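Chains as they are written, first to last, in the numbering used here: chain Y, 1 to 207; chain F, 1001 to 1169.
Read the hints as simulated data drawn from the structure, not as lab findings.
One thing to keep in mind: the hints can contain errors.
Rough simulated footprint, nothing fancy, chain F against chain Y, three-plus residues with beta-carbon under 8 Å [as the list claims (entries may be wrong)]:
#1 10-23
#2 60-66
#3 69-82
#4 93-102
Far from chain Y, some chain F residues (derived; all Cβ distances over 12 Å) [unchecked claim]:
#5 T1006
#6 L1042
#7 T1050
#8 R1063
#9 R1066
#10 E1144
#11 R1151
Since this is a predicted model, take the numbers as computed values, not measurements.
Beta carbons are placed, not taken as given, at the ideal position from N, Cα and C, and that holds for glycine.
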Amino acid sequence: MARVKSSESCDTAELVSAYLDAQLLPGELDIVATHLADCAGCIAEFHRLKEIRAALRTLPFFEMPERLLPDTHLGEQLSAYLDGQLATTEHGFVLSHLEFCTDCRLELHELDAARTAIRSLPGLEPPEFLSVHRERIENERWTRRRIATAGVGIAAAAAVVFVTFGPSPDVGGNLDINQFFDQHQVRVSVESGIGVLPAVAPIAVTP
Amino acid sequence: MADEFTPTWEDVARIYGRKIYNFAYRLTGNPDDAADLVQEVLLRVRKGLTSYVPGSFDGWLWRITRNAFLDGVRKQKRRPTSPLPDDDRSILGASPSPDEVLASVRLSEDIQSALLKVPLDFRECVVLCDVVGLTYEEIADAIEAPVGTVRSRIHRGRKMLRELLTWPV
């Protein structure tokens, strides 16, 4: 038989609201449930709190005055949302926005319809004459690739030759940029049409 | 996908504005004060977003909201004003919205006036839980207090409300 006493004298009194809100910590649920089964005072308290909680939760939820709302909409976020390209938080924001914004919901439906229409277009076979062109393009691409590969090989060989037989620092091949600049300025003053800074600086300096 | 999205203040206004407004309205019982609070919060959010480090956005926002509300309470204490009776609000030209008309339902009025009699510490926890819909942990984050404190305040706040209400709920 349930005991009748003031609920406040029970150790679990303060846990009744948390029990209602499903906010008890692990291990507390059993304690409260067992206690409620045996304590008439706490059961009565539980029902009173349940009533007041229900009344609070049915209070009307007002709209914020429109003057406080910025007049912006989701825009390009809508397409990213449709394509599943938003990060989790941004996705949540878009969802929340869509809950109350009729304009954006309408735009989303339109975008979705357009996206579906585009994606449902049938895949077409190319006309006969295009396949001839395609073959020619493939051949040209293949030739270009071979030339490029050969070019890389030649450049590599040239680099090896230069490193092996080129000027060494010990034989006066140091690239003194100040010296080069002075030499170049002299040449500029003699030969017209030469800029102070060359378009491409020479790599090797003759001793 | 890395989740480093930080909302703009427009996002905050659109998504959280209504919740902030209702939080403020239930705490103050006054639509003008509630609107002022929303404006103040959005202003602080706009400034704060520049230095915001992605994390618990809700916690960050509700801390701002609560601090803005408490600052407003402190200011009002320095300059006490007597609120206009509801009937005199028309003098200011404010026409009631359909929602405000709904709010005049007896039940809501009774709960609202009882809420205003509950001490602020308890009232804010009850409102954040039952009106805004935050979990105990989120409330603890917002008011910067342990979850145990939140739990106790919600329980005691609801009990006070129940005692203040004379009608059978």
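Taking the hints in turn, this is what the structure says about them:
1. Only when three residues or more bring their CB closer than 8 Å to a CB of chain F does the claim for the segment 10-23 of chain Y stand; here the count is 8, and the claim holds.
2. Counting residues of the segment 60-66 of chain Y whose beta-carbon sits less than 8 Å from any beta-carbon of chain F gives 6, enough to reach three: the coverage restraint holds.
3. Check on the segment 69-82 of chain Y: 3 of its residues sit with their Cβ under 8 Å from a Cβ of chain F, so the three-residue criterion for coverage holds.
4. With a threshold of 8 Å between beta carbons, the proposed coverage of the segment 93-102 of chain Y by chain F holds, since 5 of its residues qualify and at least three are required.
5. Not every CB of chain Y lies more than 12 Å from the CB of F/T1006, the least distance being 8 Å, so the non-interface label is violated.
6. Distance to chain Y contradicts F/L1042 as a non-interface residue, since its nearest Cβ pair spans about 7 Å, not more than 12 Å.
7. The claim that F/T1050 is not at the interface with chain Y holds, since no C-beta of that chain comes within 12 Å of its own (minimum 17 Å).
8. Distance check for F/R1063 against chain Y: the nearest CB is about 18 Å away, which clears 12 Å, and the non-interface claim stands.
9. The non-interface label for F/R1066 is consistent with chain Y: the shortest C-beta to C-beta separation is roughly 18 Å, beyond 12 Å.
10. With 12 Å as the threshold on Cβ separation, the claim that F/E1144 sits away from chain Y holds: the shortest Cβ distance comes to roughly 18 Å.
11. Not every Cβ of chain Y is farther than 12 Å from the Cβ of F/R1151; the closest lies at roughly 5 Å, contradicting the non-interface assignment.
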